[in-house]
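Peer 1: For reference, the chains in residue letters:
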Amino acid sequence: MASVRLERIAKRFDAGGTPAVDGVSLEIADGEFTVIVGPSGCGKTTVLRMIAGLEGPTAGRIFIDGTDVTDLPPRERDIAMVFQNYALYPHLSVRENIGFGLRMRRVDPVDIARRVDRIAESLEIGVLLDRRPAQLSGGQRQRVALARAIVREPAVFLFDEPLSNLDAQVRAQTRGELVRLHRRLGTTMIYVTHDQVEAMTMAQRVAVMHKGRVEQFAPPLDVYRAPSTLFVASFLGSPTINRFAGRVLPDGTSQRFDGGVRLRVEAPLAEVATLAVRPEHLNLVAPTEGSAGEVTLVEPLGPETILHVRLTGGEQATLRLGAGTTPAVGDTVGVSVRATEALVYDARGRLMGRGVA
Amino acid sequence: MRPDRAGRRRAVAGYTAAILLASVMLIPFLWMLSTALMDEFEVFQYPPPLLPADPQWANFPNALTQLPFARFFLNSGILAVCMVLGQTLTGALGGYAFARFRFAGRGAVFAAYLGALMVPAIVLLIPRFLLIDALGGVDTIAGLVSTELVSVWGVFLLRQFFLSLPRETEDAARVDGASEWTIFWRIALPLARPALATVALFSFIDAWKSFLWPLVVTQSLEMRTVEVGIASFHGLYYANWPYQMAAAVTALIPVLVAFLASQRFFTRGIQLTGIR
Numbered sequence: 001m002a003s004v005r006l007e008r009i010a011k012r013f014d015a016g017g018t019p020a021v022d023g024v025s026l027e028i029a030d031g032e033f034t035v036i037v038g039p040s041g042c043g044k045t046t047v048l049r050m051i052a053g054l055e056g057p058t059a060g061r062i063f064i065d066g067t068d069v070t071d072l073p074p075r076e077r078d079i080a081m082v083f084q085n086y087a088l089y090p091h092l093s094v095r096e097n098i099g100f101g102l103r104m105r106r107v108d109p110v111d112i113a114r115r116v117d118r119i120a121e122s123l124e125i126g127v128l129l130d131r132r133p134a135q136l137s138g139g140q141r142q143r144v145a146l147a148r149a150i151v152r153e154p155a156v157f158l159f160d161e162p163l164s165n166l167d168a169q170v171r172a173q174t175r176g177e178l179v180r181l182h183r184r185l186g187t188t189m190i191y192v193t194h195d196q197v198e199a200m201t202m203a204q205r206v207a208v209m210h211k212g213r214v215e216q217f218a219p220p221l222d223v224y225r226a227p228s229t230l231f232v233a234s235f236l237g238s239p240t241i242n243r244f245a246g247r248v249l250p251d252g253t254s255q256r257f258d259g260g261v262r263l264r265v266e267a268p269l270a271e272v273a274t275l276a277v278r279p280e281h282l283n284l285v286a287p288t289e290g291s292a293g294e295v296t297l298v299e300p301l302g303p304e305t306i307l308h309v310r311l312t313g314g315e316q317a318t319l320r321l322g323a324g325t326t327p328a329v330g331d332t333v334g335v336s337v338r339a340t341e342a343l344v345y346d347a348r349g350r351l352m353g354r355g356v357a
Numbered sequence: 358m359r360p361d362r363a364g365r366r367r368a369v370a371g372y373t374a375a376i377l378l379a380s381v382m383l384i385p386f387l388w389m390l391s392t393a394l395m396d397e398f399e400v401f402q403y404p405p406p407l408l409p410a411d412p413q414w415a416n417f418p419n420a421l422t423q424l425p426f427a428r429f430f431l432n433s434g435i436l437a438v439c440m441v442l443g444q445t446l447t448g449a450l451g452g453y454a455f456a457r458f459r460f461a462g463r464g465a466v467f468a469a470y471l472g473a474l475m476v477p478a479i480v481l482l483i484p485r486f487l488l489i490d491a492l493g494g495v496d497t498i499a500g501l502v503s504t505e506l507v508s509v510w511g512v513f514l515l516r517q518f519f520l521s522l523p524r525e526t527e528d529a530a531r532v533d534g535a536s537e538w539t540i541f542w543r544i545a546l547p548l549a550r551p552a553l554a555t556v557a558l559f560s561f562i563d564a565w566k567s568f569l570w571p572l573v574v575t576q577s578l579e580m581r582t583v584e585v586g587i588a589s590f591h592g593l594y595y596a597n598w599p600y601q602m603a604a605a606v607t608a609l610i611p612v613l614v615a616f617l618a619s620q621r622f623f624t625r626g627i628q629l630t631g632i633r
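In the order they appear, the protein sequences are chains W and X.
The opening position of the first sequence corresponds to residue 1 in the numbering used here, with each subsequent residue numbered one higher.
The opening position of the second sequence corresponds to residue 358 in the numbering used here, with each subsequent residue numbered one higher.
No lab work stands behind these hints, which were simulated from the structure alone.
The reader is advised that the hints may include incorrect statements.
[To be verified] Which chain X residues face chain W? A few, computed with CB under 8 Å, are given here:
#, residue
1, D361
2, D490
3, A529
4, V532
5, D533
6, G534
7, A535
8, P547
9, L548
[What the hints assert, rightly or not] Incomplete in silico selection of chain X near chain W, CB under 8 Å:
#, residue
10, S380
11, S521
12, P523
13, E525
14, D528
15, R531
16, I544
[Unchecked claim] Now the in silico label distances, taken between C-beta atoms and shown as ranges:
#, chain 1, residue 1, chain 2, residue 2, range
17, W, D167, X, Q620, 51 to 57 Å
18, W, G17, X, V466, 22 to 28 Å
19, W, G17, X, V612, 23 to 29 Å
We treat Cβ as the ideally placed atom computed from N, Cα and C, and that holds for glycine.
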């Protein structure tokens with residue numbers, strides 16, 4: 001068990017090019033489950049590979065359990081990693097795959113056999129021990145990769161999109177198992193994914209990355225409720241958060257946004273700003289009460305319905321409605337913003353504040 | 358139905374072409390076998406007979422005992438074993454380094470390697486001989502073998518193969534605590550078995566059929582290889598064709614066995630590099 005601290009680490013793959021990772025600092029507590037999430041190419045996997053020691057940072061330091069490991073090879077870092085394509089050794093049996101790391105550490109063969117059996121039993125892959133990876137299904141390979149990581153009892157687990165090659169059902173199931181595994185082992189886990197559902201459901205804290213930088217590092221619900229940048233607001237949440245561009249009104253008391261939204265804002269008024277509102281924070285009202293618009297698409301999902309509205313100015317708005325009577329396509333409706341939930345971002349995409357009722 | 362029939366017609370045409378081509382390849386071998394069984398003078402009849410009138414099976418033992426062929430086979434065997442071991446090992450080491458390690462001048466060195474592929478072997482014959490002579494290796498096994506232990510082509514083929522292996526497998530081993538040598542020896546090398554077999558096979562055939570170098574670097578009769586031995590039936594004024602062919606047929610057997618045993622690797626190797 002160990003804490004992990006990244007101090008302004010950076011990585012450039014070619015000199016002079018844009019950095020893949022640009023000054024990332026994170027402090028991950030001992031035993032914490034952290035998810036690093038972001039779109040592809042944001043540098044999240046590179047961060048993980050630098051923690052593992054598979055890539056050297058071009059700047060910054062990495063500490064595991066307080067020790068500077070920046071210049072140590074992977075085998076001296078006491079970490080284990082599960083790869084996206086599992087990276088099992090194709091020419092070794094499942095038993096040899098799981099025991100490989102222990103053999104490398106010259107653990108007594110009797111002890112290896114005992115530990116491999118125990119782990120295989122707990123992950124329900126005991127019957128597969130004599131097979132080769134090619135004879136396993138995706139889900140089984142995933143478990144073998146997991147067993148190979150767990151058996152070493154490392155101080156830190158690193159996961160690189162371990163569920164992305166699984167079908168939806170197995171993925172949902174494994175997600176739960178990983179969370180339970182974390183609770184049982186209590187080991188520090190760092191998990192990289194582009195899947196926001198995994199980020200929201202598994203993490204104790206989420207680091208959202210964009211263009212090589214960490215935009216926000218906080219518990220998932222905090223990130224969802226108060227995204228510190230417009231990128232984070234747009235990246236997390238499905239359907240995507242509504243965005244309306246706006247300007248300061250000449251009277252200086254409130255801001256007016258596209259879509260006819262007029263809002264008093266708790267933050268200092270900015271020349272240009274963007275209003276971001278989650279679909280569940282838009283209310284359906286009478287056309288005269290809010291911004292009027294025409295329903296263009298209705299997506300009934302069962303417990304909720306997603307409503308797409310084109311406002312009179314041409315802006316698109318998405319509403320999340322509870323079960324009940326919903327308008328039909330072509331209806332004219334009114335849309336109003338729940339002011340205290342509305343987020344206002346400045347021209348550089350930083351959160352300035354919320355609306356005031 | 359129509360596409361099915363068209364497909365069958367295409368298959369028939371393909372097989373016919375393949376059989377014709379195979380026959381063209383096969384005829385010299387059959388001719389060689391037929392000549393090996395002919396009488397010494399029958400060979401020179403006109404028009405030349407296709408088959409021996411009275412097969413001379415004694416040509417085989419006679420040819421193989423007239424010259425010390427047991428010794429020639431031993432020499433060829435030593436050359437082949439050394440070349441197979443040397444070229445697969447150096448090929449694997451060099452190929453892995455080119456595929457996986459970042460080092461200064463990697464691109465330039467690799468380009469130089471590829472450039473070396475284009476130098477005809479015959480151009481190197483005299484420099485090699487002078488070198489071996491200066492080292493006192495002429496007419497010794499060491500001299501025969503030492504310049505054949507590295508094959509640029511083998512390095513190239515194995516580099517291509519290592520590049521095709523997923524890096525993540527090696528990364529997993531690295532995280533599992535393996536040293537770079539262990540990763541090479543225990544992970545990459547076992548996965549490269551098909552490519553290693555291809556290199557080994559080609560080295561073996563190269564060794565077995567090599568003629569010019571053994572001819573130049575060996576001088577005494579007991580240092581000759583099979584190929585050189587076969588050629589010595591062919592004198593300045595007289596050639597014993599049946600004996601020469603009988604020895605050639607015998608020399609073919611190890612190559613045939615090696616090829617049949619590892620045919621599938623051949624095709625794999627050709628797919629990998631597009632060479633040969």
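Peer 1: So which hints don't hold here, by number, going up?
Peer 2: 1, 2, 10, 11, 17 and 19
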